[in-house]
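Trainee: Could you put the whole structure together from the sequences, leaning on the hints where they help?
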Amino acid sequence: MKNLWWRALGPVTLISLLLTGWLGLWVTPRAQQQGDFARLVYLHPAEAWVGIYVSFGTAVIASGLYLWPRTRRASLDLVAASAMEVSVVFLVLTLITGAIWGRPTWGVWWAWDARLTSTAVMAVLALGYLAYRYSFDDPMRRAQRSAILALISAVNVPIIHFSVVWWKTLHQGATVLTPGASIKIHGIMAWTMLLSFIAFTLCFVWMTRVRYLIARQAQEDSRTRLTSAIAARQSEGGV
Amino acid sequence: MAPTCSELVAVVDNQVLTVEAPAVVRRSRLRPLVVLGLIALIIGALLSQGLFNSLDYFKTVDEVYAHRLAVGTTDIRLEGVVKKGSVVRTTFGANFVLTGSQHRDVAVHEVGTPPQLFQANIPVVVIGHFTTATSFTFRANQIMVKHSASYIAKNPNRVKAPNGTVR
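Heads up: the protein sequence lines correspond to chains D and Z, in order. Residue 2 is where the first sequence starts when you use this note's numbering, and the numbers rise one by one after that. Residue 51 is where the second sequence starts when you use this note's numbering, and the numbers rise one by one after that.
FYI, nobody ran anything at the bench for these hints, they're computed from the structure. Keep in mind that this is a model prediction, so the values were computed, not measured. Glycine included, every Cβ here is placed at the ideal spot set by N, Cα and C. Careful: at least some of the hints might be erroneous.
What the hints assert, rightly or not - Incomplete in silico selection of chain Z near chain D, CB under 7 Å:
| id | residue |
| --- | --- |
| 1 | Arg81 |
| 2 | Pro82 |
| 3 | Leu96 |
| 4 | Gly100 |
| 5 | Ser104 |
| 6 | Asp106 |
| 7 | Tyr107 |
| 8 | Ser200 |
| 9 | Ile202 |
| 10 | Lys204 |
As the list claims (entries may be wrong) - Okay, derived cross-link-like pairs now, PhoX-like style, lysine-lysine, Cα gap no bigger than 25 Å in a straight line:
| id | chain 1 | residue 1 | chain 2 | residue 2 |
| --- | --- | --- | --- | --- |
| 11 | Z | Lys134 | Z | Lys109 |
| 12 | D | Lys169 | Z | Lys134 |
| 13 | Z | Lys133 | D | Lys185 |
| 14 | Z | Lys133 | Z | Lys109 |
| 15 | D | Lys185 | Z | Lys204 |
| 16 | Z | Lys204 | Z | Lys134 |
| 17 | Z | Lys133 | Z | Lys204 |
| 18 | D | Lys169 | Z | Lys109 |
| 19 | D | Lys185 | Z | Lys134 |
| 20 | D | Lys169 | Z | Lys133 |
Mentor: Spelled out as structure tokens, the structure:
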């Protein structure tokens, strides 16, 4: 049953992404102020949701659990690394689609406001986490140190989220997660946006799982190679 | 002679053999520190451009009215709503009036290309400076449209709010 769910995940993700695309491009109406440019609302916020909250959040939680002695497992380190890789992908996509949206609406590709800058910082932190990981030889040290870096980087998440509330930004305020919980999108537009969030979250689960399985396989291969190399040496020496 | 780190010593048939050890990729202990230093450097550069320079990206028309003398003729980003009926397109850009929340106005002369969404009744941020230290006439070289967070259908009959009202 569990296997079936995992096998269905890929096709379900693909169907939900295609459905989002169809609804976003053909079914939903043009927006009053932004016209067709508003269709990016079915892409850009969902990417940011996955990049900043879901992927980065998963990496941070897995790192925290790894550092906690009672829950420490090598697999949590792999989950953290896999989720962080997916986070990098979605953060870069967020920055790219944000720039594509910004050019016709704001009139500029980029603005050094608090929301954009803190998101760029997040992308650097996620990339930095991966670079930092690969700078260690010892797996234990690698896991421990990168988990600490992930936890420190998490400070930036609330800064990104509240940047549009705390400071005056060119970036729009929240449409869904508003301080007064008043949603500013309705009807088919709201449902399509919700579907985009679900589709991209499923995409995250699929990508992270695949990346995790690859990393685990690589680890097992490395162990097998080492064991067979030792066995070969022992047989050479007649031990 | 003592073997070096990259050599292995084996005794076979009472003969001492020295063989070359397989190459081991040993990364410098400094590498993690170098990576951390690079991360800090890039983030520092981003922050110096963004947050430290313009934590608040713009000043509102109301703020400018409250501190007009302090603003003088320095380059600023000014935010306000484009007053209805004030937009006049010129060969070099556009002239219009920016209004604050307390209905105080700033006349803007923009030289450049207004963005596609530029129109009346929309919040914008203009970059430029006041023509004199005390005037409320602003010379802008760029307009940025600050679109709202509300998404309402162009054809409102197609979208209804959860309570059934047409939005």
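Trainee: Tell me, in ascending order, the numbers of any earlier hints that this structure violates.
Mentor: none
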